[in-house]
Amino acid sequence: PVNLFEQLHKFGNVYFLVLSTMMYLGEHTTLFIGTIKSFSTLTTLAAMMAVTAAIALIDDRKRHAADLETNSQEARYVRRDGCEMAVDTKAWEDVAVGDVLVVRDEEQLPADVVLLYCSG
64 PVNLFEQLHK
74 FGNVYFLVLS
84 TMMYLGEHTT
94 LFIGTIKSFS
104 TLTTLAAMMA
114 VTAAIALIDD
124 RKRHAADLET
134 NSQEARYVRR
144 DGCEMAVDTK
154 AWEDVAVGDV
164 LVVRDEEQLP
174 ADVVLLYCSG
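Numbering (our numbering), first residue to last: 64 to 183.
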């Protein structure tokens with residue numbers, strides 16, 4: 064349903080849907096004489112929308128797998144025990160708002176962070 068809603072926001076898809084509807088009305092009503100069958104245009108539109116939906120599904124599954132891989136990686140953060148602070152690790156999926164992270168050179172960050180200090 065969401066994919067269909069997104070695809071109907073494309074001008075070309077709406078155009079061919081309206082065109083197919085008009086062809087259907089020409090075939091089955093007496094409003095006007097339709098010479099082209101709506102089946103040909105509607106079948107082409109459905110095939111193109113199905114291919115687009117399949118590609119979107121494949122992309123979503125790849126993105127989901129990449130997110131799972133990234134979220135399972137370790138992140139270093141500053142842990143506070145009373146007055147003492149120590150650097151500890153936890154999975155990226157467990158990082159919460161307000162955590163102070165320790166990021167090394169050339170490390171990838173799967174989250175939005177605010178830089179507090181930079182050495183070098």
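Keep in mind the hints are simulated off the structure, nothing from the lab. Treat the hints loosely; a few may be bogus.
[Unchecked claim] Cut-off 30 Å, straight-line C-alpha distance, at most; resulting in silico cross-link-like pairs (DSBU-like, lysine-lysine):
| # | residue 1 | residue 2 |
| --- | --- | --- |
| 1 | Lys73 | Lys153 |
| 2 | Lys100 | Lys73 |
| 3 | Lys153 | Lys125 |
[What the hints assert, rightly or not] Using C-beta positions, here's what the derived DEER-type ranges look like:
| # | residue 1 | residue 2 | range |
| --- | --- | --- | --- |
| 4 | His91 | Asp157 | 40 to 48 Å |
| 5 | Gly75 | Tyr180 | 48 to 56 Å |
| 6 | Asp162 | His127 | 32 to 40 Å |
| 7 | Phe68 | Cys146 | 24 to 32 Å |
| 8 | Thr107 | Val160 | 46 to 54 Å |
| 9 | Ser103 | Pro64 | 47 to 55 Å |
| 10 | Lys125 | Leu94 | 41 to 49 Å |
| 11 | Gly75 | Val150 | 49 to 57 Å |
| 12 | Val160 | Tyr180 | 57 to 65 Å |
| 13 | Ile121 | Ala159 | 52 to 60 Å |
| 14 | Thr152 | Leu178 | 14 to 22 Å |
| 15 | Val160 | Phe68 | 42 to 50 Å |
| 16 | Ala159 | Met85 | 31 to 39 Å |
We treat Cβ as the ideally placed atom computed from N, Cα and C, and that holds for glycine.
Going through the hints against the structure:
1. Lys73 - Lys153: 43 Å, violated
2. Lys100 - Lys73: Since the Cα atoms of Lys100 and Lys73 sit roughly 23 Å apart, the hinted pair holds (cutoff 30 Å).
3. Lys153 - Lys125: 24 Å, holds
4. His91 - Asp157: 40 to 48 Å: 60 Å, violated
5. Gly75 - Tyr180: 48 to 56 Å: 51 Å, holds
6. Asp162 - His127: 32 to 40 Å: At 24 Å between Cβs, range violated.
7. Phe68 - Cys146: 24 to 32 Å: 54 Å, violated
8. Thr107 - Val160: 46 to 54 Å: With a Cβ separation near 48 Å, Thr107 and Val160 satisfy 46 to 54 Å, so the hint holds.
9. Ser103 - Pro64: 47 to 55 Å: 26 Å, violated
10. Lys125 - Leu94: 41 to 49 Å: For Lys125 and Leu94 the Cβ distance comes to about 47 Å; the hint holds.
11. Gly75 - Val150: 49 to 57 Å: 54 Å, holds
12. Val160 - Tyr180: 57 to 65 Å: 19 Å, violated
13. Ile121 - Ala159: 52 to 60 Å: 32 Å, violated
14. Thr152 - Leu178: 14 to 22 Å: 20 Å, holds
15. Val160 - Phe68: 42 to 50 Å: At 31 Å between Cβs, range violated.
16. Ala159 - Met85: 31 to 39 Å: Once the Cβ atoms are compared, 55 Å apart, the range 31 to 39 Å for Met85 and Ala159 is violated.
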